[in-house]
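Student: One-letter residues, chain by chain:
Protein chains: 2
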Amino acid sequence: MRYLALLLVILTFPAIADVQSKVVKYQDEETALTGYLYWDDAIKSPRPGILVIHEWWGLNDYARKRASLLAELGYVAFAADMYGTDKVTESPGQAEEWMREVTADVEGWRSRAALGLRQLQVSGLVDGDHLAAIGYCFGGASVLQMAYANANLKGVVSFHGALPAAPEEARGNIKPSILVLHGHADTFIAPEVVANFREKLDEAGADWEMNTYGGAVHGFTNPNAAKHGISNLRYDAKADKRSWARMQAFFAELFSD
Amino acid sequence: MRYLALLLVILTFPAIADVQSKVVKYQDEETALTGYLYWDDAIKSPRPGILVIHEWWGLNDYARKRASLLAELGYVAFAADMYGTDKVTESPGQAEEWMREVTADVEGWRSRAALGLRQLQVSGLVDGDHLAAIGYCFGGASVLQMAYANANLKGVVSFHGALPAAPEEARGNIKPSILVLHGHADTFIAPEVVANFREKLDEAGADWEMNTYGGAVHGFTNPNAAKHGISNLRYDAKADKRSWARMQAFFAELFSD
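If you read the protein sequences in the order shown, they are chains U and S. The first sequence begins at 10 in this note's numbering and counts up by one. The second sequence begins at 10 in this note's numbering and counts up by one.
Among these hints, one or two may not hold up.
If chains are identical, the list can't say which one is meant, so a pair holds when it fits in one copy or spans any two.
[Claimed, not checked] Distance condition first, Cα-Cα at most 16 Å in a straight line; then the derived EDC-like pairs of lysine to aspartate or glutamate: (1) 250 x 262; (2) 53 x 81; (3) 247 x 216.
Simulated from the structure, these hints should not be mistaken for laboratory data. The structure displayed is predicted, hence computed values, not measured ones.
Pulled out of the complex, with its shape left as it was, chain U reads as follows (with noise of 0.2 Å):
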């Protein structure tokens, strides 16, 4: 069968990834931030640019095996600090306060965000005009902050994000295109949010696509979801499953130019 064939091609097909990491040091300010870089030793030419922004925890082990991921799928990713060095915690009260300190002053957000960015850009390792990003949780919002920002994205990627609306000064002149991954009993994002979230896009004239994977909660990404003892996070295999390979889809049609 055709199908079979091709996908028996996909899964025979060799595994030539030499995923390779790096510490990144950079600054915003007066903040010290440490970021991961991930880029597959194996491709020797310049590749599409992938920045991944972490959960409301800080950058933790999660974002960084996404990041991982995404290098042995043949992009460079880049897992960026959105807090400080050393700022990870298990704490959900901790976890809140410091994302407070980014959210609260939106173009702070945004610039340490495209700091972020920037550090895939100077990577030596990008075609800088194939770039996205994507973000979980906090890190769904800040990629939408940079879409609002009109950063120099192909397009953003939000996993259970919180669901920032546009801001009318980005009415039409948001050029990423948008693809919100999102649980429906995703109790942190209320009905009315999203309703209005979607309307804002269609006022600023986005390219946007929302997928909403019904029994789903916040954190279905997230393996480890559930240890928190919050009941609005919890793993889910299918839509984690689904969501990723849209992402994958979503990728290809960007970088297809």
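Assemble chain S onto chain U, guided by the hints.
Tutor: Just chain S now, kept in the frame of chain U:
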């Protein structure tokens, strides 16, 4: 690059499809029906079967074209007839009348759709454990009804379909996975209908996903949608491409066992 190499494999995969079709006459009590079966003659083993249900216009070339494309992808596809032989129109009034004749009796609606599925099952070409159904507009609502009736399907896909809510009696008993591909600007489907549709799917415990395309209206997959002069009917190339790709990934997941 690994993913580019893979893309190349896909693009250069030899086009061996040898799509055949045949007219299938069948009967729903007194109503004579005429459907079309499509399959790739180069494939000799049983393969997944996909039922295709037409828009409210009746079984026209558009639904047949989709069935033919599915055969090119390696499936056996049956474009079912839900109205009766030669009941095809370009008049919205006539379309609505024929549609209402079918939908007024939910049991009759479901059993007529099941008769379409039956034609696939008796074709001698399909793997009877690997069946799915897709539908457009009225056809989208039809495949949802099949899911609510717990038809022998791995999954159903609605493209810009009407969104009937799952009935009480379907609770805990919807085995087919449900994928809904929806235009956010589709004024035929009110926001409260969408909200209720989702709520009832959750209550029923269904596995469902809904992809919403910003700016897309009804008929976004049909290049001829706008010819009827109805402002809510318009083709959207991006949403068409994304939804067709998402359907294929969904099938790959459904039929992976």
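Student: A separate judgement is required for each hint: does it hold in the structure or not?
Tutor: Against the structure, the hints come out as follows:
Taking CA atoms no more than 16 Å apart as the test, residue 250 paired with residue 262 passes between copies only; the shortest distance there is 10 Å, against 19 Å inside one copy. When the C-alpha separation of residue 53 and residue 81 is checked against a cutoff of 16 Å, the pair qualifies only within one copy, where the shortest distance is 14 Å, while the shortest distance between copies is 36 Å. For a Cα distance limit of 16 Å, the shortest separation of residue 247 from residue 216 across copies, 9 Å, qualifies, whereas the shortest one inside one copy, 26 Å, does not.
The structure is consistent with each of the numbered hints, conforming to all of them.
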